[in-house]
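Student: Residue numbers are given in the working numbering: position 48 of the sequence shown equals residue 62, and the series is strictly consecutive.
All the given hints hold, so there is nothing to weed out.
Calculated cross-link-like contacts (lysine to aspartate or glutamate; reagent style EDC-like; alpha-carbon spacing at most 16 Å): (1) 61 with 51; (2) 63 with 52; (3) 63 with 51; (4) 35 with 67; (5) 61 with 50; (6) 27 with 50; (7) 35 with 20; (8) 63 with 50; (9) 23 with 33; (10) 63 with 36.
Worth flagging that the hints you see were computed from the coordinates, not collected in a lab.
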Amino acid sequence: MAVSADLSKYLDKDYESSDLKDVLAAPVSALAGVTEDDAEALRKAFKIKTVGELGKNKFFLAAQAMLALSK
15 MAVSADLSKY
25 LDKDYESSDL
35 KDVLAAPVSA
45 LAGVTEDDAE
55 ALRKAFKIKT
65 VGELGKNKFF
75 LAAQAMLALS
85 K
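Could you build all of it, start to finish, from the sequences and the hints given here?
Tutor: Structure, rendered in structure tokens:
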């Protein structure tokens, strides 16, 4: 079964029409509101370079899990 979602509101204009595989491989700055400076800070602090790496980072996943448990 094919699944689709409109992710454009979460992406920088240059990435709005990209497929999910390309978005996950894109730099973190492909996310709407994330600047090049923000992306550099994530790279320095957590060695995160791509959207996919951000999504599977253990610290971000732990924070999401704790937030979900608090509800």
